[in-house]
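Chains A and B supply the protein sequences, listed in that same order.
The numbering used here numbers the first residue of the first sequence as 34 and each following residue consecutively.
The numbering used here numbers the first residue of the second sequence as 7 and each following residue consecutively.
These are calculated hints, taken from the structure and not from any lab test.
Source: prediction; values computed, not measured.
Every residue gets a Cβ at the ideal spot worked out from N, C-alpha and C, and that includes glycine.
Don't take every hint at face value.
[Said to hold, decoys possible] The calculated label-pair distances, taken between Cβ atoms and stated as ranges, are:
| id | chain 1 | residue 1 | chain 2 | residue 2 | range |
| --- | --- | --- | --- | --- | --- |
| 1 | A | VAL255 | B | ALA134 | 39 to 45 Å |
| 2 | B | ARG135 | A | LEU253 | 43 to 49 Å |
| 3 | B | TYR118 | A | ILE259 | 37 to 43 Å |
| 4 | A | ALA82 | B | GLY88 | 26 to 32 Å |
| 5 | A | GLY114 | B | TYR120 | 22 to 28 Å |
| 6 | A | LEU53 | B | ARG135 | 46 to 52 Å |
| 7 | A | ALA82 | B | ILE136 | 37 to 43 Å |
[Said to hold, decoys possible] Below, in silico cross-link-like pairs of lysine to aspartate or glutamate (EDC-like), each with a Cα-Cα straight-line distance of 20 Å or less:
| id | chain 1 | residue 1 | chain 2 | residue 2 |
| --- | --- | --- | --- | --- |
| 8 | A | LYS86 | B | ASP222 |
| 9 | A | LYS107 | B | ASP131 |
| 10 | A | LYS119 | B | GLU130 |
| 11 | B | LYS196 | B | GLU218 |
[As the list claims (entries may be wrong)] Covered stretches of chain B, going by a simulated chain A footprint (3 or more residues, C-beta under 8 Å):
| id | region |
| --- | --- |
| 12 | 140-151 |
| 13 | 180-189 |
| 14 | 224-235 |
Now for the letters of each chain:
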Amino acid sequence: MAAEGKTIDALSQFELIPVLGPVGRAVGFSQSNAHMLLAVGLVSLLMLAGIRKRALVPGRLQAASEMFYEFIEKLVTGQVGHEGRKYFPFVFALFMFVLFGNLIGLLPYAFTYTSHIAVTLGLAATVFFLTTIVALALHGKKFFGYFFPEGAPLWLAPIIVPVELVSYLSRPVSLSVRLFANMVAGHVLLKVFATFVVLLGGLGMIGPVAALLPLSVNVLLVGFEILVAFLQAYVFAILTCIYLHDAVHLH
Amino acid sequence: MTRLLHATALALLLSQSPVALAQQVTAPAPTGSVQTTGPLPGQQGLSAPVQADSDRQRAVYEAERTAAEYEAAARSDADAGGMPQLDFSNPLMISQVVWLFVIFGALVFLCYHYLLPPVAAVLEDRRARIAADLDAARDARAEAEAAEAGRRDSTARARAEAQASIAAATQAAQAESAARAEALAARLNKQIAEAESRIGAARDTAMGALREVATDATEAMVQRLAGVSDKAAVAAAVQRELAARNLKPAG
């Protein structure tokens with residue numbers, strides 16, 4: 034699949050293919066959604082199996098689930114403050130969903146749903162609407178003061194308001210494109226170098242030796258992609274927290 | 007450096023010109039040979055008669071188009087030089103986002119109700135337990151400190167008592183010994199006085215006897231030499247002589 038007809042086909046890995054036979058086809062259930070289900074299953078398994086014993090001194094699995102819990106809890110309370118406590122499960126779900134999507138995508142034959150702009154934009158739009166609704170619910174009309182900082186001269190309003198509005202509206206775009214672009218770029222690179230391995234490997238005597246170079250690059254890339262997987266999930270979560278902070282406190 | 011690679015890869019992808027270039031290289035392949043990423047093998051055979059035959063057959067064909075053929079169409083779109091993620095004509099794109107909201111919503115629901123509360127309970131338990139243990143330890147330390155203070159107190163008191171009793175005993179002993187020494191001295195003085203008086207008496211008697219003997223001897227010597235016998239004069243002369251020799255006169 035990587036090197037058919039001696040070409041570099043880095044994009045076909047992102048194609049959506051229906052799964053679950055005719056039923057899946059009828060409801061448009063693609064392998065992307067199957068991987069989402071897998072991620073949700075793994076997150077649930079980690080949290081439920083980890084906490085099953087409710088040990089006072091945690092074992093490895095329990096320590097892992099507690100670590101994720103406390104990490105996100107600190108993130109939320111650190112950024113949003115104590116009022117942010119009620120959004121913690123949402124941010125936790127978001128972080129774990131993105132993280133597991135990124136990590137599962139690194140496994141061979143797996144699909145990376147976070148490499149689809151539609152998915153990341155869907156998540157970012159959820160965050161955007163949630164923060165806007167929270168801000169409107171908490172502050173009512175005062176929320177619109179967010180677009181014009183207090184104390185600024187009134188004649189600057191025609192400049193400031195559109196700038197603030199655009200920056201507010203571009204949040205979901207930057208949030209989604211960042212994750213999407215990182216994931217796509219990483220997977221394209223992996224695929225390109227993997228293709229090099231196959232192409233060079235077929236070059237007679239020196240082939241296998243030459244193929245070692247792109248192979249070692251790919252080994253490094255996989256390590257780097259694991260870092261990126263964590264980093265992007267963290268960035269997604271912390272930006273969500275920052276937006277929630279703005280929504281709760283208005284600046 | 008890998009970051010740079012990411013960026014360039016992304017730039018390449020988004021600008022699409024290198025992708026088009028890659029597609030140009032690929033171009034002969036999809037038409038010439040059968041590819042898994044290309045159109046389905048059956049489609050070429052099917053499409054030819056559809057285009058040639060009547061409208062009825064076309065309608066039948068349209069009705070029989072399955073999602074697999076949509077997918078094939080999507081793939082040929084991708085082959086035409088676009089990213090599968092940006093192919094919004096693919097119906098799987100919409101269904102993917104719908105399923106995303108369903109699955110992610112389920113994860114958020116699970117997090118709120120099933121995944122996080124047990125972890126919170128365990129962490130709270132541990133926090134309470136540690137706090138209780140710390141309190142107990144603090145109490146125990148306070149108790150120990152109080153006991154230590156009491157011990158130090160009673161030690162000091164005992165030492166003071168001991169010192170006082172030692173002083174009292176010493177004083178009593180000194181007083182007793184002084185009294186005993188005084189009594190002894192008094193007795194000794196009395197004995198000395200008695201002995202002295204005895205000695206005086208003895209000497210007096212001895213002196214008396216000596217005067218008698220001296221008087222008698224003197225009288226006899228005077229009688230013999232002078233032929234006079236004057237008892238009174240002799241006695242007075244002896245008395246005088248004895249007094250002159252500092253011998254105590256007889257009582």
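Okay, the hints, checked on the actual structure:
1. Between A/VAL255 and B/ALA134 the CB atoms are about 43 Å apart, so this pair conforms to the stated range of 39 to 45 Å.
2. Separated by about 45 Å at the C-beta atoms, B/ARG135 and A/LEU253 satisfy the suggested range of 43 to 49 Å.
3. The supplied range of 37 to 43 Å is broken by B/TYR118 and A/ILE259, whose beta-carbon atoms lie about 29 Å from each other.
4. The given range of 26 to 32 Å is broken by A/ALA82 and B/GLY88, whose C-beta atoms sit roughly 42 Å from each other.
5. Roughly 26 Å separates the CB atoms of A/GLY114 and B/TYR120, a value that falls within the hinted 22 to 28 Å.
6. Taking the beta carbon of each, A/LEU53 and B/ARG135 are about 47 Å apart, inside 46 to 52 Å as hinted.
7. Take A/ALA82 and B/ILE136: their Cβ atoms lie about 24 Å apart, and the range 37 to 43 Å is violated.
8. For the hint linking A/LYS86 to B/ASP222, the alpha-carbon distance of about 139 Å lies beyond 20 Å, and the restraint is violated.
9. A hinted pair counts as satisfied when its Cα atoms are at most 20 Å apart, and A/LYS107 with B/ASP131 qualifies at roughly 18 Å.
10. Annotation: proposed proximity of A/LYS119 to B/GLU130 holds, straight-line Cα distance about 17 Å (limit 20 Å).
11. For the given pair, B/LYS196 sits about 32 Å from B/GLU218 by alpha-carbon distance, which is inconsistent with the 20 Å threshold.
12. Only residues whose C-beta sits within less than 8 Å of a C-beta in chain A count toward coverage, and the region 140-151 of chain B has 0 of them, not enough to reach three; the restraint is violated.
13. Residues of the region 180-189 of chain B with a Cβ under 8 Å from some Cβ of chain A number 0, which does not satisfy the need for three, so the listed coverage is violated.
14. Only when three residues or more bring their CB closer than 8 Å to a CB of chain A does the claim for the region 224-235 of chain B stand; here the count is 0, and the claim is violated.
Hints 3, 4, 7, 8, 11, 12, 13 and 14 from the earlier list are contradicted by this structure; the remaining hints agree with it.
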